[in-house]
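Got chain U; can you put chain C on it based on the hints?
Residue numbers (the working numbering), protein chains in the order written: chain U, 13 to 527; chain C, 13 to 527.
Each hint can be trusted.
If you only want the chain C side, here are some residues facing chain U, beta carbon under 10 Å, derived: (1) 33; (2) 36; (3) 38; (4) 40; (5) 54; (6) 92; (7) 95; (8) 99; (9) 430; (10) 464; (11) 472; (12) 494; (13) 495.
Footprint (simulated), chain U over chain C, 3 or more residues, beta carbon under 8 Å: (14) 170–176; (15) 480–487.
Covered, in the sense of this in silico footprint (three residues per stretch, anywhere, with C-beta under 8 Å from a C-beta of chain C), are these stretches of chain U: (16) 171–177; (17) 475–484.
Hint data in this document are derived by calculation from the structure and do not stem from the laboratory.
Where a beta carbon is used, it is the ideal one built from N, C-alpha and C, also for glycine.
There are 2 protein chains.
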Amino acid sequence: MNGAESLVRTLVAGGVDVCFTNPGTSEMHFVAALDKVPGMRCVLGLFEGVVTGAADGYFRMKGTPASTLLHLGPGLANGLANLHNAKKAHSGIVNIVGQHATYHIGYNAPLTSDIEGLARPMSSWVRTSPDARSVAADGAAAIAAARSAPPQIATLILPADTAWNEADGIAEVPVDTQRPSYSPQAVDTAAKILHGDAAHTLLLVTGSALTEHGLALAERIAGKTGCTVMGQTYHPRMARGRGRFSVNRIPYVIEQALPILKNFRHIVLVEANDPVAFFAYPNKPSMLKAEGCEVHRMTAWGENSVAALEALAGALHATAQDVKPQQHQELVKPTGALNHATIAQAIACAIPENAIMVDESVTTGRGFFPPTAAAAPHDWLQNMGGSIGFSTPVATGAAVACPDRKVICMVGDGSAMYTIQSLWTQAREGLNVVTIVFANRIYQILRGEFDGVGAGEPGKRAQDMLKIDRPTLDFVALAKGMGVPGRAVTTADEFNKALAEAVAEPGPRLIEVQM
Amino acid sequence: MNGAESLVRTLVAGGVDVCFTNPGTSEMHFVAALDKVPGMRCVLGLFEGVVTGAADGYFRMKGTPASTLLHLGPGLANGLANLHNAKKAHSGIVNIVGQHATYHIGYNAPLTSDIEGLARPMSSWVRTSPDARSVAADGAAAIAAARSAPPQIATLILPADTAWNEADGIAEVPVDTQRPSYSPQAVDTAAKILHGDAAHTLLLVTGSALTEHGLALAERIAGKTGCTVMGQTYHPRMARGRGRFSVNRIPYVIEQALPILKNFRHIVLVEANDPVAFFAYPNKPSMLKAEGCEVHRMTAWGENSVAALEALAGALHATAQDVKPQQHQELVKPTGALNHATIAQAIACAIPENAIMVDESVTTGRGFFPPTAAAAPHDWLQNMGGSIGFSTPVATGAAVACPDRKVICMVGDGSAMYTIQSLWTQAREGLNVVTIVFANRIYQILRGEFDGVGAGEPGKRAQDMLKIDRPTLDFVALAKGMGVPGRAVTTADEFNKALAEAVAEPGPRLIEVQM
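This is chain U alone, in the form it adopts within the complex:
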């Protein structure tokens, strides 16, 4: 067998049986191997940002890495923005990038570029296979890296001759000896802090803590001790909805975050980062915690936060009896005009049991959390890297990972345009994704940021760089162009109806919410 076949067989044997791809010439032997090796599902994207974002969404829902297949340096470059988001979410991806044949690189043909240099900023593991007999072992090492604790973006660069030359066969993925765990000492310290001054202690959680069970443990700890539990501003995935512990998040806006955080003398980090502003602004702090506030890390990314929370609850004798009953929240379908409140209410009512919510709603969605806390149980996925064009690919990959669950992708009109090609892959694969585009015809977040950075009142020419209303984007036409049925809504009643139908029907749908 050749190198490409040895790699595909190694991937499948190693449990990496989905490949999101946009291949080119240098990857044709890999494509050919698909017909020889059973068990690899290949999903084509028309743009590489779709491919890498889908691999991110797949990992978040499945917990194991998918592979990608990208064409040389520029193909990788097109996928980097969503690799950035995936890296910040600690998603594992076996990111395979074709390269010229080893002996061809020196000739500086048109597509030649420094692929390793491009890969490094958004990868934690980078390797170029030197020859066909190394490809399987390198692939196995990439799988191990992608699956490590914390998971990583592992970029494997594959010169074309390593794909077509003779190889030896499958390589086994090295057994991961480093099992996710936690530090009992760190849990002891957290317990002491909570014993001492729970009223001024924030348990700041994210990552693997945000399962239904992890949240329930945090809820018991809060009930027992009186500490506050909050989430970061953004999370890779969070269990939410009826019956689950609903935590507030640190607000994005500095002026809202500071008064909340100033109450805490201690912050216990559960995978979370020190609370830091998303951007810097003139005369505003970057670090959001109060002066003198002591930060203690209980778990880091890659550690077992649920086990650590179990231990912490045990040390504090916190049990299910300590949980304060949550207020019952009634869900009523909204009527009348569409605004941020009625949109949030309509979505909360429409969320089906076990839905996957992919959130790139930006300014429209800043109030989505409170009403949806009462919705049917669901998972909520957010952008950890801040690079827009995140949601439609992540929704695509989540739907591939979970064909029996409904994916609802919430996206601003500006954000939707970066990787709109996702819709085609959703149509091609018949994926159960409802894309809701919030069409306010402006990069509304930038209008806010313009104020935030103290740039004054935007004049006509500055406004031209923020507004995207000339011409108006017609998302229903764009969806039709890629084979996805869509409709536009202008009232809450229309939105309720469109959502109910889209959720009920199989396959992808798009709703343009005209605000």
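Same frame as chain U, but now just chain C:
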């Protein structure tokens, strides 16, 4: 004035008065400065690949750099593929990328990444401004780098606080002392080669040689000496059409290139590269020249090839009288079915005087050169870097540079989907671009490459990675979604009619050629 204003004023004073942009928070002060500084035209793109490709197209037509404005590492990453193409075409671009405030970078906020690391592979000049008082001088240095010989991608990274802090004012662009010239010795050597064995000598031309006058000089030299003049496979810009010297290009397909090149004992390079295969293939050579063929470089990128050709023509006593009369070629509008031949013929008939042809026609367009040699005089722009998603942004930038000329963008359906967002910018700016999409519903080039690399006959699953027919892309709907009128054609007559109307009307149009 603050740093952002000092930069915008420096750009305008330095002749860089167009900015293609997709800004974010860290660039808001630059956007605010647009209202304070007259003379900067800002053109918004909905995706960064549109922005960088437009800057490439602008440079190719205008000969002076435009600027870009991109948002942090991921915004730059999204623009890298077309920066790659621009770099390979030796286009000059002042590529401005926002960064977190200097003091904020260390906090590792979500959008933090290694921007310099991302920039280096596709830039020849990279600098991060350290403070507001340095921004103007750094901007001036970036302009000088972008304008140098050969021109460069100059990436200037602008931490947010360097934009909002107080600065000193405008900086002057350093005078370029290194004027483009050529080596008289290299011309002497070329003259000697042509004196000695012109019948076995190939004058291989590209770059600045491909003006109407440069080509006329090459034609005289060929007429006088009997040498062969050919172009590379791809060129940044080539003067073509009726009355201009039409040169053949080295074929992309190795089996076609080898028999042509085996006749030559000498190759004189005029900015061209050694003839190298685009990709490597098993058991085929990378280097296409005959064994023992001697290669002599007469001019390099950045040198004055027209002056060198003048000198060479002078040394050889080649004059206009030496030119062999070209065969008259009749242009007849095609009828009947659409195929590669009738499509080429229809386009040749429709090209208006002084049109700008942007060519990403891939397999459909491999035969476009012969018939269009008889078309009205035009410029022909090609992809030098091989990264698809090139043409619609380049057409956009070319139209901004030359509002009085008609731009015709020829693009395969697969390629069109990478940067389809260009259409919106064309509609917004009312640009005179006719986009012709060749909808064969397959990455046809990959079907050929699959054979080329010896991967056998593609099975069903491999074919799935090459064909894009499920679902069918509706480019008329996509164009409508972005405010561009479009129509689909299925016969040569319909295509003739659609082309004639699209060329006659102002503003952007799209024609989907269903093959």
